[in-house]
Amino acid sequence: MTNSTPLHAEHERSGASFTDFAGYDMPLRYSSDLAEHHAVREHAGMFDLSHMAEIMVTGAQAPEFMDYALSNRLSALENSQAKYSLLLSDQGGVIDDLIVYRLGESEYMIVANAANREAAFTALTERTKDWDVTVRDSSDDWALIAVQGPVAKTIVEASAIDTSLPLDDLRYYRMTEGTFQSTTIYVARTGYTGEDGYEIFVPSPLAPALWDELEKVGAPHQMTLCGLACRDTLRLEAGMPLYGHELGRDFLPAQAGLGRVVVQEKEDFVGKQALADAAVRTRVLVGLVAEGKRAPRAGYSVVTPEGDVIGEITSGSLSPTLGYPIAMAYVDSPFSDPGSELAVDVRGSLLVVKVHQLPFYTRKKVA
Amino acid sequence: MTAVPENLLYTKDHEWIAIDGDVATVGITQHAADALGDVVFVALPKVGETLSLGAIVGEVESTKSVGEIFAPVAGEVTEANSVVVDSPDTVNADPYGAGWLIKVRFTGAPNAMDAAAYQALIGD
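Heads up: the protein sequence lines correspond to chains A and B, in order. In this text, residue positions in the first sequence follow our numbering: the first is 167, and each later residue adds one. In this text, residue positions in the second sequence follow our numbering: the first is 226, and each later residue adds one.
It should be emphasised that the hints constitute simulated quantities derived from the structure, not laboratory data. All C-beta atoms in this analysis are idealised placements derived from N, C-alpha and C, irrespective of residue type, glycine included. Heads up, some of the hints might be wrong.
Covered by chain A, per the in silico footprint, the following chain B stretches (three or more residues, Cβ under 8 Å) [said to hold, decoys possible]: (1) 279-287; (2) 332-339.
In silico PhoX-like pairs for lysine-lysine, Cα to Cα no more than 25 Å straight-line [to be verified]: (3) B/K328 <-> A/K520; (4) A/K520 <-> A/K432; (5) A/K459 <-> A/K319; (6) B/K271 <-> A/K459; (7) A/K459 <-> A/K295; (8) A/K382 <-> A/K295.
The calculated label-pair distances, taken between Cβ atoms and stated as ranges, are [said to hold, decoys possible]: (9) B/L278 <-> A/G473: 29 to 39 Å; (10) A/D335 <-> B/D311: 41 to 51 Å; (11) A/E292 <-> B/L278: 55 to 65 Å; (12) B/L278 <-> A/Q257: 49 to 59 Å; (13) A/E323 <-> B/G322: 38 to 48 Å.
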């Protein structure tokens, strides 16, 4: 069965092409992948991310439970602070990567990938048994709208959203409560594009009105409606992993360069023992760049100049911003130093690639 | 819905063929171009190259995916469209016109269907 988000009718009205993503009928693009990509880098883009899962954790022991159930120290978050985190298996593999928001002293919201909604909810629920907490899947109650890009702030400020904290004072990876049409919403300064911007959590019934409002206010600022196709090239340029490509149950966090997201010093957390015992894995995640226009694609083999297979591409595309092919790959660690020359078997012909420090693209910080 | 020009032949691989005497002009359909998204790279066979029916002879890449070009006819390449190599977006903008890919002096019969059959295939 295919699900749709509360904004499906808006997307149809705007002429979106749809694709099935994690069981949801989602906008792939409205007009042009490239135009949507460039709009986010240069002006602003708006995305429907309502397929993503919102899982609420509440209860007296919520902070300690979060430290136990997830990879890093979420009890240390201040109210309204957000943090990137991992839900690990007993074996230390990645069940999902998530953004955790602390809503209150004993209340957290976990935003999980749509494809992992069930897996994340099940794993979290199983972990509650010795804890005074409640885990609730509230995904259907909330829509999620992202406005990303250099003028995202101008647009959200110009909209009919009132935020408790002025956006000027909303720091990166923080959220603030707001109201829209007398209803409580949450505005977070988070994203998955490499640009500054906001992710706005709005009760599902109110989502179409907020989408229309932001579309109207964004139009004079050259804001473009954006589909999942450009979301993928944007996150790839920003060097952000995508679950199922760079992350999965068979990968340990350190392999993916996410060692910093695991606080091994914590007294106990799911996956701790396995990670402590794990032998160092030989393959690590790297960035690759090439010349020309042909892009390495997920699943292609990475080889040495001599032709020995030493890795595999996990994501790859011609970078719309940079104009040359970029990719992420797991390669044997002796070949992972930036500058190392390797090759990729692109449908039978070898493409010379160079290991590149992630990310490929960093936004210019405006003073 | 996507308009499918009536005067062309089509393949199940979403290519179109225009026959003029013994020369076939080949491109990809609007349906294929729309499915790929913005085309950013086109690789074509060289003029003079001999194509066998059904062989992979080129590629059309978008940021999202790669489409292979299968020879819809057997024969010798007489022209390769440099416009789409230099400006791959022409394939999206005008797939049945300026976005053509190759011309082939062909022998034998093309492996193709008419516009109505193709329209039915893509279900528009």
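Status of each hint after checking the structure:
1. 279-287: That given contact holds, which follows from 3 residues of the region 279-287 of chain B lying within Cβ reach (below 8 Å) of chain A.
2. 332-339: violated (count 0)
3. B/K328 <-> A/K520: 37 Å, violated
4. A/K520 <-> A/K432: 37 Å, violated
5. A/K459 <-> A/K319: Judged against 25 Å, a Cα distance of about 34 Å means the pair is violated.
6. B/K271 <-> A/K459: Holds, because 18 Å separates the two Cα atoms, which is no more than 25 Å.
7. A/K459 <-> A/K295: 53 Å, violated
8. A/K382 <-> A/K295: 47 Å, violated
9. B/L278 <-> A/G473: 29 to 39 Å: Taking Cβ atoms as reference, B/L278 and A/G473 lie about 32 Å apart, which means the hint holds.
10. A/D335 <-> B/D311: 41 to 51 Å: The hinted range 41 to 51 Å holds for A/D335 and B/D311, with Cβ atoms some 49 Å apart.
11. A/E292 <-> B/L278: 55 to 65 Å: Roughly 57 Å apart at Cβ, these two residues keep to the hinted range, so it holds.
12. B/L278 <-> A/Q257: 49 to 59 Å: About 51 Å separates the Cβ atoms of B/L278 and A/Q257, which means 49 to 59 Å holds.
13. A/E323 <-> B/G322: 38 to 48 Å: Roughly 45 Å apart at Cβ, these two residues keep to the hinted range, so it holds.
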